[in-house]
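Trainee: Once you have looked at the hints, place chains R and L on chain V.
Residue strings, one per chain:
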Amino acid sequence: MRALLTAAALVASASVAHADKLDDIIASGTLRCAVVLDFPPMGFRDENNNPQGFDVDYCNDLAAALGVQSEIVETPFPERIPALMSGRVDVGVASTSDTLERAKTVGFSIPYFAFEMAVTSNDSSGVTSFESMKGKTVGAVAGTYEAIALEEQVNAWGEGEFRPYQTQADVFLALSQGQLDATVSTSTVAQANVKSGNYPGITVVGKAPFDTDYVALFTNREEYGFINYLNLFVNQQIRTGRYEELYAKWVGGDVPSLTVPNAYR
Amino acid sequence: MFETALTSSDLLFLAQGAGMTLIVTAIAVILGTILGVVFGIFRFQVGPWWAAPVTFVLDIFRSIPLLIQLVLVNAFLGMVLRISLSGFTVACMVLTLYTSAYCAEIVRGAVEAVPNTTRRAARSLGLTWRQDMSYIVLPLATRVALPSWIGLALGVMKDSALVYIVQVTELLKSTQILITRLQEPLFLLLICGAFYFIISFPIARFGGYLEKRWSND
Amino acid sequence: MFSYTFQWKQAFARLPVMLEGAVVTIEIALLSMLIGIALAVLLTGFRLSGNRVLSGIAATWVEIARNTPALFQIYMAHFGLGSFGLHLSPYTSLLLGITFNNAGYLAENFRGALKAIPDTQTRAARSLGMTPVRAFGHVVLPQMLRIAFLPMTNQMVWAILMTSLGITVGMNTDLYGVTQDLNALTFRTFELFALAAVIFYLITKTVQIGARLVAARLFRY
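Residue numbers (numbering that gives the first Met the number 0), protein chains in the order written: chain V, 0 to 264; chain R, 0 to 216; chain L, 0 to 220.
Quick caveat, the hints were computed from the structure, so don't treat them as lab data. For each residue, glycine too, the CB sits at the ideal point set by N, CA and C. Heads up, some of the hints might be wrong.
For the chain V half of the interface with chain R, some residues (derived, Cβ under 7 Å), not all of them [to be verified]:
#1 D37
#2 N47
#3 N48
#4 P81
#5 M84
#6 S85
#7 G86
#8 A168
#9 N197
Restraint-style ranges between C-beta atoms, simulated for each label pair [said to hold, decoys possible]:
#10 L80(R) <-> Q120(L): 56 to 62 Å
#11 W156(V) <-> S54(L): 46 to 52 Å
#12 A64(V) <-> L80(R): 28 to 34 Å
#13 A215(L) <-> T127(R): 39 to 45 Å
#14 A63(V) <-> R81(R): 25 to 31 Å
#15 I82(R) <-> S195(V): 38 to 44 Å
#16 G251(V) <-> L189(R): 35 to 41 Å
Pulled out of the complex, with its shape left as it was, chain V reads as follows (with noise of 0.2 Å):
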């Protein structure tokens, strides 16, 4: 009898073992994405305070692909990996940057989006350019790419302040209010945040000189099935057209590529 029952925790413990996140996702019949929703066109909420935008719909469509529902998950930049790892959700699409200091902790895919960074500043603020944020007060959304850019060169100026929100809502109220001078957010995002009137009093000045933020999808590091996965999504949805499509309907202009010259991956 014992032995039996060792056997069948033996198979138990060994069909838990085997089966990895994509088999998981399958199972379960969900797939629950992060997504940040004050990060508009990417995600945000509609008048019934329902998610919304490009993330949401490249959520429901790696869903659909994998024949599972999708849920949302709204989680703010601060708590991405946080909720990753403690297993609330089993992906993460939300507008993240690839660096190397964070793949040491999490697996990301190839990139799905990428980002140019722009200058907005308030009117009043007499910043017209990257070069004119020296010495005001700049801030961003905490824990971004362009946030920990931007720290750096408020540093390198040595004048100034920079100074980090919860939440992109955060840093445009605080810019509008005129707490701070300017912000670099990622164009889009600025765009559409102008474009919206909810903030009066700003307007998009220029481009940042930092490096284009390829963003990508990103999963627990270990799960190679599930990032293969992703990858071959991701280039599906290019190959298809629906990349396209989705950037037309949320975005608009000119599709950015996703590929680096000279590089493989």
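Mentor: Positioned in the frame of chain V, the structure of chains R and L alone reads:
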């Protein structure tokens, strides 16, 4: 200021947030009080030396910021133990322990406030420990503890504003979400503050009233 | 059973930065307590003054501070006042929020403490020829601070813990803010926050033990 883009569905959204605040608070206060009574009586009963481990652990919950407790427990359960729990569960667990740590202090203080002579008298009349506890200590200690306990319960309600960090959309978070869309920070914040105030103020007043009434006799 | 690999080295390498953050945290807590005590004494005076307007101001302050979340008060200090065009830096907003909270709670403690001081003492002081302000300052206030010493210590611990809320207004130089910035860089959430928790624990314990020593010294009789 009274021209607002706030729609009835937004109000419903806020009400849901408020409901979440109340649910999380209710769970934490009920479970936390039960645990707190157990810990408090245990600490009183076994004396400071034997209770030291419990005292130490409970003290941690009162010595580090609630935000860090939430982030740490969340990270520990999820990243280290790989137990997948909803943010709601994590929030309730942490707030429960947090409540119990403060409640244990209140209970211990209240039990200590019951004069030893009274208890000895009770025991020498032949009451068992259990009888002594329920007929002598409980009524007397409750009078001492209740006003502070009300303060604690309200404190937990206010502190529950921090559970947004584990993705629980409570009142303050839903207010922030609406601020994102409507850009009326002052108006929305005032609604949010008024809600906390309307719940907290009468109960706090009631606590003050009890304290005054009971301390007179 | 742990599939998670702890990387404590990464956290310890950041210890100096975190300790700098701890200094800012202590600084804000201390400042907010000093200003808070002064304001609380003032509010208590308002309440005792018998002037309707003054006691109304004091009562409103105390009730709002005690009946809304501290996070709300700090957020309000930054974005609420910002709506009026009053721009405070994250540091000032945080300090203002905590000080507002401290003053409210302490004023209530002081009022409780005052009840324990018999009226006859004030009358005796007055009949010795002291002015009301002198009688309050020399006779009542020292006793009041003594009775309220323990609640004040607790409030100080609260103030330290409340500094963690500064992140909502863009604060990144205090202990919590520094830790969160490091977390964004490295994603070693557990290790970094565990280290921050230990530092917070040591600070609050130091305050509590320090307060006990001070109390033993000051209130010996």
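Trainee: Indicate, hint by hint, whether the structure satisfies it.
Mentor: Here is how each hint holds up against the structure:
1. D37: Holds. Min distance 5 Å.
2. N47: 6 Å, holds
3. N48: 5 Å, holds
4. P81: With a closest approach of 6 Å, the P81(V) hint holds.
5. M84: With a closest approach of 4 Å, the M84(V) hint holds.
6. S85: This hint holds: S85(V) lies near chain R, its Cβ roughly 2 Å from the closest one there, short of 7 Å.
7. G86: 3 Å, holds
8. A168: 4 Å, holds
9. N197: 4 Å, holds
10. L80(R) <-> Q120(L): 56 to 62 Å: 59 Å, holds
11. W156(V) <-> S54(L): 46 to 52 Å: Given range 46 to 52 Å: holds, Cβ gap about 51 Å.
12. A64(V) <-> L80(R): 28 to 34 Å: Since A64(V) and L80(R) have Cβ atoms about 31 Å apart, the given range 28 to 34 Å holds.
13. A215(L) <-> T127(R): 39 to 45 Å: Distance hint for A215(L), T127(R) holds at roughly 40 Å.
14. A63(V) <-> R81(R): 25 to 31 Å: Hint holds: Cβ distance 28 Å, inside 25 to 31 Å.
15. I82(R) <-> S195(V): 38 to 44 Å: 40 Å, holds
16. G251(V) <-> L189(R): 35 to 41 Å: Holds: the Cβ-Cβ distance is about 37 Å, inside 35 to 41 Å.
Violation of the numbered hints given earlier is absent; every hint is satisfied by the structure.
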